[in-house]
Amino acid sequence: MSRNPPPKLHFFGPLAYSADVKFKSLLFLKKIVAHPAVTCAIPATDKPRHLEDNMRGGIGRLPDANMRRRMVEFVSSL
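Residue numbering for the sequence shown is 1 to 78, as defined by this note's numbering.
Among the hints, erroneous ones may be present.
[Unchecked claim] Beta-carbon label-pair distances, calculated as ranges:
#: 1; residue 1: 73; residue 2: 33; range: 15 to 23 Å
#: 2; residue 1: 41; residue 2: 66; range: 16 to 24 Å
#: 3; residue 1: 49; residue 2: 73; range: 26 to 34 Å
#: 4; residue 1: 41; residue 2: 76; range: 17 to 25 Å
[Stated by the list, open to error] Below, computed lysine to any residue pairings styled on SDA-like, alpha-carbon distance capped at 20 Å:
#: 5; residue 1: 47; residue 2: 72
#: 6; residue 1: 24; residue 2: 78
#: 7; residue 1: 47; residue 2: 25
#: 8; residue 1: 24; residue 2: 66
#: 9; residue 1: 24; residue 2: 72
#: 10; residue 1: 24; residue 2: 47
#: 11; residue 1: 31; residue 2: 58
To be clear, the hints were calculated from the coordinates, so they are not data collected in a lab.
Keep in mind it's a predicted model, so treat the numbers as computed, not measured.
Here a beta-carbon is modelled for each residue, glycine too, at the ideal position from N, C-alpha and C.
Go ahead and model the full structure; you've got the sequences and the hints to work with.
Next comes the structure, spelled out in structure tokens:
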């Protein structure tokens, strides 16, 4: 039995790599932070580990308009 994710989930690989992230949740946090209209993002959490992950959302490359569009297209296709 194959342990590979379904083909659609492979889409996250290149996007996550392009945005310097390891987790899908962080990729979408970066999408929110990168939007020109957003000046502050306040993701809620009660777990210190998640807080650390959320803080990484502001580090590294942010998705550009093209990548944000591709992310929306992917989620819309699910």
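Consistency of the hints with the structure:
1. Roughly 20 Å separates the CB atoms of residue 73 and residue 33, a value that falls within the hinted 15 to 23 Å.
2. The beta-carbon spacing between residue 41 and residue 66, approximately 21 Å, falls within the hinted interval of 16 to 24 Å.
3. One distance hint, 26 to 34 Å for the beta-carbon pair residue 49 and residue 73, holds here, with the actual separation near 31 Å.
4. Separated by about 22 Å at the C-beta atoms, residue 41 and residue 76 satisfy the suggested range of 17 to 25 Å.
5. Among the hinted pairs, residue 47 with residue 72 is inconsistent with the structure: their alpha-carbon atoms are about 28 Å apart, more than 20 Å.
6. For the proposed pair residue 24 and residue 78, the alpha carbon gap of about 15 Å is at most 20 Å, so the pair holds.
7. Proximity of residue 47 to residue 25 is assessed by CA-CA distance (about 15 Å); at most 20 Å being required, the pair is judged to hold.
8. Restraint check for residue 24 and residue 66: satisfied, since their Cα atoms lie roughly 17 Å apart, inside the 20 Å limit.
9. Between residue 24 and residue 72, the direct Cα distance comes to roughly 13 Å. Compliance with the 20 Å bound is thereby established for this hinted pair.
10. With a C-alpha separation of about 18 Å, the suggested pairing of residue 24 with residue 47 holds against the 20 Å cut-off.
11. Only pairs whose Cα atoms come within 20 Å are accepted, and residue 31 paired with residue 58 is accepted, the gap being roughly 10 Å.
Of the numbered hints listed earlier, the single one contradicted by the structure is hint 5.
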